[in-house]
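S.K.: The primary structure of each chain is shown beneath.
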Amino acid sequence: AQTVTQSQPEMSVQEAETVTLSCTYDTSENNYYLFWYKQPPSRQMILVIRQEAYKQQNATENRFSVNFQKAAKSFSLKISDSQLGDTAMYFCAFKIPDTGNQFYFGTGTSLTVIP
Amino acid sequence: NAGVMQNPRHLVRRRGQEARLRCSPVKGHSHVYWYRQLPEEGLKFMVYLQKENIIDESGMPKERFSAEFPKEGPSILRIQQVVRGDSAAYFCASSPQPPQGAMGKQYFGPGTRLTVT
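Taken in order, these protein sequences are the chains called E and S.
For the first sequence, our numbering begins at 1 and goes up steadily by one.
For the second sequence, our numbering begins at 116 and goes up steadily by one.
Don't take every hint at face value.
[As the list claims (entries may be wrong)] DEER-style ranges, computed between Cβ atoms:
hint, chain 1, residue 1, chain 2, residue 2, range
1, S, Arg179, E, Ala72, 28 to 34 Å
2, S, Glu167, E, Ser110, 36 to 42 Å
3, E, Ser12, S, Ile191, 36 to 42 Å
[As the list claims (entries may be wrong)] To give a feel for the contact side, a few chain E residues facing chain S, derived at Cβ under 10 Å:
hint, residue
4, Gln6
5, Val13
6, Arg43
7, Gly106
[Unchecked claim] Calculated lysine-lysine pairs in the DSS-like style (CA-CA distance at most 27 Å, straight line):
hint, chain 1, residue 1, chain 2, residue 2
8, S, Lys186, S, Lys159
9, E, Lys55, E, Lys78
10, S, Lys166, S, Lys186
11, E, Lys55, S, Lys220
12, E, Lys78, S, Lys166
13, E, Lys70, E, Lys55
14, S, Lys142, S, Lys166
15, S, Lys142, S, Lys177
16, E, Lys78, S, Lys159
17, E, Lys70, S, Lys159
18, S, Lys177, S, Lys159
19, E, Lys70, S, Lys186
20, S, Lys159, S, Lys142
21, S, Lys159, S, Lys220
22, S, Lys166, S, Lys220
23, S, Lys166, S, Lys177
24, E, Lys73, E, Lys55
25, S, Lys159, E, Lys73
26, S, Lys220, E, Lys73
27, S, Lys142, S, Lys220
28, S, Lys186, S, Lys220
No lab work stands behind these hints, which were simulated from the structure alone.
It should be emphasised that the depicted structure is a prediction, and the values quoted were computed from it without experimental measurement.
Beta carbons: idealized from backbone N, C-alpha and C, even for Gly.
Let the sequences and hints guide you as you build the complete structure.
M.R.: This is the structure:
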């Protein structure tokens with residue numbers, strides 16, 4: 001079974017500080033893709049960052065970076081220089097290519113950036 | 116360059132009525148996915164469709180729920196005889212044909228919030 005666990009239901013961070021959201025997952029597959037999605041109050045799902053499991057180098061997108069530990073099946077998201085607009089729900093997800101095409105999502109972490 | 120469009124954004128139905136949710140994928144995308152998000156939970160996969168075909172409906176309840184993606188027009192998720200437990204946000208996503216679709220490039224719509232009273 002494919003599962004995604006986000007153990008932090010809620011987090012907060014001061015504006016301009018750094019915060020790390022944790023995610024662990026379980027799969028027996030060797031090739032897969034990992035994602036972090038942001039869901040602001042508008043409820044739109046916005047892709048934040050993506051990582052291919054076969055790549056050892058951690059993905060980065062501006063202020064967002066990941067710490068991908070394949071052996072530990074861990075995929076944390078680091079947000080640097082937090083901004084008020086980062087306040088949202090953050091979902092970790094993964095997808096196995098060519099086997100059904102669905103994403104497996106965690107239950108989310110609600111992040112609040114405090115001014 | 117319009118993204119995925121869903122309508123309505125909010126839908127209220129009484130128990131026993133039918134709910135029809137529409138999704139227009141990104142122009143040129145031929146793959147559509149529907150997800151349901153219950154309160155305080157992550158998104159759960161329901162169904163994956165290509166034009167005129169249901170490819171994977173393993174996440175869809177066997178009764179009352181159906182989905183289609185006709186040759187012309189939007190994809191429709193239909194819920195018959197709604198019950199209070201159907202209240203949720205329903206998200207549609209689309210992707211281009213493989214290999215990009217296989218690489219996980221799904222684009223999500225803003226969702227439809229269904230409330231059953």
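S.K.: For each hint given before, does the structure comply? Return the numbers of the non-compliant ones in rising order.
M.R.: 1, 5, 12, 15 and 19
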